[in-house]
Structure formats: structure tokens, C-alpha cells
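A.B. asks: Now for the letters of each chain:
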Amino acid sequence: MADKQVPKTQKCIAVLWPSFMVAVVATGLFFSAFDPDDLFPFGEQAEVSRLGVYSIGFLLFWLVSAISGIGTLYFAITNCMRQNPGSRG
Amino acid sequence: MTNPDTTGPGGASRSDEQVAASLYAKAEKIYPRQVHGLFARLRVLGVLGLLGIYYITPWLRWDGHQALLLDLPARKFHIFFVTLWPQDFFYLAVLLIIAGLVLFFVTALAGRVWCGYACPQTVWTEAFLWIERKVEGNRMQQQKLDALPMSARKFRIKGTKHFLWLAFSVWTGFTFVGYFSPIDELGRNLLVFNIGPWETFWILFYGFATYGNAGFMREQVCKYMCPYARFQSAMFDKDTLVVSYIPNRGEPRGSRKRSVDPVAAGMGDCIDCTLCVQVCPTGIDIRDGLQYECIACSACIDACDDVMDKMGYDKGLIKYTTEHAMQGGTTHILRPRIIIYAVILLAIFAAFGYSFSQRISLGLDVIRDRNTLYRETSDGLIENVYILKVLNMDNAEHQYELSVSGIPGLTLHKDMAVIRVESGGIMELPVRLRADEADLEARSNDVVFELVATDDDSLAVSEDARFLGPR
Ligand code: SF4
Ligand code: SF4
Chain A
1 MADKQVPKTQ KCIAVLWPSF MVAVVATGLF FSAFDPDDLF PFGEQAEVSR
51 LGVYSIGFLL FWLVSAISGI GTLYFAITNC MRQNPGSRG
Chain B
90 MTNPDTTGPG GASRSDEQVA ASLYAKAEKI YPRQVHGLFA RLRVLGVLGL
140 LGIYYITPWL RWDGHQALLL DLPARKFHIF FVTLWPQDFF YLAVLLIIAG
190 LVLFFVTALA GRVWCGYACP QTVWTEAFLW IERKVEGNRM QQQKLDALPM
240 SARKFRIKGT KHFLWLAFSV WTGFTFVGYF SPIDELGRNL LVFNIGPWET
290 FWILFYGFAT YGNAGFMREQ VCKYMCPYAR FQSAMFDKDT LVVSYIPNRG
340 EPRGSRKRSV DPVAAGMGDC IDCTLCVQVC PTGIDIRDGL QYECIACSAC
390 IDACDDVMDK MGYDKGLIKY TTEHAMQGGT THILRPRIII YAVILLAIFA
440 AFGYSFSQRI SLGLDVIRDR NTLYRETSDG LIENVYILKV LNMDNAEHQY
490 ELSVSGIPGL TLHKDMAVIR VESGGIMELP VRLRADEADL EARSNDVVFE
540 LVATDDDSLA VSEDARFLGP R
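Each protein sequence line maps, in turn, to chains A and B.
Numbering follows our numbering, with no gaps: position 27 of the first sequence is 27.
Numbering follows our numbering, with no gaps: position 94 of the second sequence is 183.
Among the hints, a few may not be true.
Unchecked claim - DSSO-like mimics (lysine-lysine), calculated; alpha carbons at most 30 Å apart, straight line:
| # | chain 1 | residue 1 | chain 2 | residue 2 |
| --- | --- | --- | --- | --- |
| 1 | B | K312 | A | K8 |
| 2 | B | K233 | B | K243 |
| 3 | A | K11 | B | K118 |
Honestly, the hints are just simulated from the structure, not real lab data.
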């Protein structure tokens, strides 16, 4: 197991929490530049309120940055393992 | 929470598990003992004040609207007498930068006072601890209860606590959403269980975060998740106020009877009662020196002062002090770091104030018609079509005058005779510009639209656009 050293909870926090903060900032920047009503000029989002579009946007930003966080975590752990083969589990 | 995974699939040897356990010790539940004293009173004051502000603010009214409403659905922020638009995002960003700098400044001066008295994590944890004490009793009763096997009584007590915590959390989440979506409407909808799906989502999301952070994570948020806790040491210097134990005075520590004269017995003032450790919400021993876990809540000061009083010693074995003072020097309040922070802060604040006072409550957007680059009219002129968006961000209705310049003989044609926009309204205005081909200098020519309120010259904006022609 490559990641025996770090408890699961800490890994979850390490991925979810920074990406959450990034998502908040990204959502703020994105939606202050773009109005959901302009993004979907043909009313595709008619059933979803603006708040809904913001929320979905936020969740997507969170997802994307969390994926990047998983990548960072994975490489950090596996590289660390390669440098300290003794600690391999 | 940080339980190392010791039951994972096979392959991990015993020694690995020991390494894991020593690298990331299993977090013991901390039962902070309640303290009384000057700083405890200050903190209660801070907590009550901040919670009061948080829960009451969204219900305040101003001029017929919610006083503080970051109205995301309508894309405007009402902050008392100001209304901000997405165009004003810049001001919000600068405000955040100012807030950050104030935090730097205060940290350099007074250490982590933010953490100990004002951080939401501290404030809500205090509130949750209060509920916990009311339901489960003091530190010892809590520890005893946790050690017992599950019984009807334990279940009832725990159930009550979690019910109160959850109710408080949901109310917190509801209030949070009330900052973004009109709270009176939200309240009415809540009463009839008719809240929109996304409002519900955010109430539960924020409520759950409160429940988890203040009920369970507590000091671990400060230790593992808080970015400020990680970089605050960069703002510290030897003149920063910190909570510190005075080892010269306290050591050698040891328990003794009240009648024993410590000097004669060769002892320091610390009676090793460990009260300072028991009250610490982060579970550290301040006598080991300054540690990054210490949130400077000063609970240990109150606890130890009490002990010193009872022993008949001077207070202040643990106290607010600075590294310089501890080394016998003097503390410099005015030092380069402080002066630099203050100057930067003042400069940004002045620039913000000036730029905000110059803010024009009128917006103009020019969008070229995307379908045709240009077209030739029957009388041989070149015509470009635009859609103008006029946004009146002022608190009153206005009528505007539109003009355009940039090409000799350029003429402006619009269908609407008057441009009148209500307060907070947006008007879409299709316009056509016509020019003689002979007057065009290139394929693409710069033109400028200018919009002025007829009743107020200071309400004026201009916006650049391109005029395309055959050349
Ligand atoms: S509370 Fe004061 S006397 Fe008691 S152990 Fe802590 S430092 Fe020593
Ligand atoms: S060491 Fe003292 S000031 Fe620091 S967190 Fe613990 S009780 Fe609070």
C-alpha cells in the first residue's frame, strides 16, 4: 500500500479542503465575470435557478480542483516512497 | 479523527503500523476543563457579541431592503447604503486584501488574538462546548460518561446533546443562507417546508460543516486545516505578544503543601497541578514552550492565576508577554515591521476610499452584432450594428444622452427616442452607426460611445468599440 503512512482522514482533508477554498475563489471570480443568464442565452437552464447554476458551478470547480489535489497527493506519496524505499508497505 | 488505518488489507507489516502510529498519533479526545477569570470573561463577551452579530444581522432592514444581503440570485450586494454590482467585484477583492493586511498587522502586534477570541472556529466551538457542559456536566462527568458502556441513560444524554447541536447547526446554516437569499422569504418558506432545493442544500451543507467542525474536529481544524496557523509564525517577531510560561520562575516544578516556602525548599512557583494542561482546548502543555498549536486563548493564564492566588504567590507565572520581555529586555511596539504594515494598510485604505468615492453608478457595455461585420445601406453608407447595455446602478431613475465619436461624419441611429432606466435596471439598446466609406482609415476603426445622465454630468461613462468597413 503506497499510502499506508498517512491516515485516510488526513488524506481526505488534504484533498477536499484546499480544493474547497480554491473552488470558492474560482466561483467568485467566474460568476462575477459571467452571468448565468448570458452563459445560456437560449434558456437551457430555465429550470435551474441562478443560485442553482452558481452551486453547480461551485461543485464542478470543487470537483476539478479535488481531482488535481488527488494527483498531487498521489505523486507526493509515491515519489516519497521511491526516495525512502525502506518505508514501503 | 486522525485514526491511522490499522485494519487495511494485508501486506502492511507490524512495524509499519508502529511507524504510522508514531508519525500521526491517534488524536485523543480533548475535554477542556472550564475556566473562570478575566480572559474567560473576555472570551465569553467576544463569543456572545460575534454570535449575536451573526444571527441578528440578516434580519436588519435598511431603506426597505435587507441591510446586508449578498443577493446572489439578483446579482447585487446590498451593504447598508451601498449597492455593489458584479462590476464592483474589484472593491470586494480590495476589501478582502485590506482584511488580510489587518490580520497581519494585528498578528505582528498582538499574536494570535484572532484565534483566541474571534475566529469562527473558536466562537462556535465555545458555543458547542457550552451546550456539551450543560447536557453532560463538567470535564470529569464527561470523561466518566464516555468511559461507560452504552446504556439508556447514556443514550438519552448523548442524544440530547446531538439534538441540540444539530438544531443549533441547522439554525446556523439557515442564517448563513439568509445572507445570500432574502431571509424573511426564506423563513416563511421554511415554516411551510417549501425551500428551494439549492437553498436546502446550502443550509444542510453549512449546518453539517458547523456540526462537524465545532462538535468533533475542534482543535484539529486549527492544527491541520487552518492556513493562518501555518504561516502566522512568519509574522511573529521578538516583540509579538504571546502566551508564555515563565520557566525561570516556575522551575524546578513540583507539588508541595501550601505551608512550604518554595525558596527554602529550592522549588520554583509551578506546583505541577497540570490545570494549565487540563483547560487547554488544544491539549498542549504551555510549559514546554511556545508551540504552533497554541491558539493564545489564554485559558491557561486564567487557570494558573487562580492557582497562584490560592497558593499565595504572585500571579503571572503564565502570562501575555513577548520574547524580548522574557529575556529581560524591553518590548518595542513601534518597530519597522509594524510601521511598514501600517503604512501599506493606510495607503491601500486611502486608495480604496478615494476610488470608491469616485465610483460611477452607471455601466455601459457595447456588444457588436455578431452576424454581420458591416452592411452597405441603399444610399451607399457603411453601417455597423451594436447592442448597448445600459446599467443604472444609482438609487434613482435617470434619463441619458448617448453620443458617439471617432470617425468624421459618423451618425448614430436608434429606435428609442429617450434612454430612461429605472434604478437598478438594465436596458438593452440596439443602435446603428453609419459612416461614409471615404472617411474610414482602415478595415477596423476605433469609435467611442459616451453616455451622460441628462440631470447629472458626473454620471458619465464611455466605452470603446470597433467600426468595421471594407477597407
Ligand atoms: S497551572 Fe500553573 S502551577 Fe499548575 S501546572 Fe500549570 S503552570 Fe504549574
Ligand atoms: S497553551 Fe494556553 S493559551 Fe495556548 S491554547 Fe492552550 S490554554 Fe490556550
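A.B. asks: Against each hint, give a clear statement of whether it holds in the structure.
C.D. replies: Hints and how they fare:
At most 30 Å may separate the alpha-carbon atoms for a hinted pair to count; K312/B and K8/A meet this at roughly 17 Å. For the hint linking K233/B to K243/B, the alpha-carbon distance of about 11 Å falls within 30 Å, and the restraint holds. Of the supplied pair hints, the one linking K11/A and K118/B holds, its CA atoms being roughly 20 Å apart against a limit of 30 Å.
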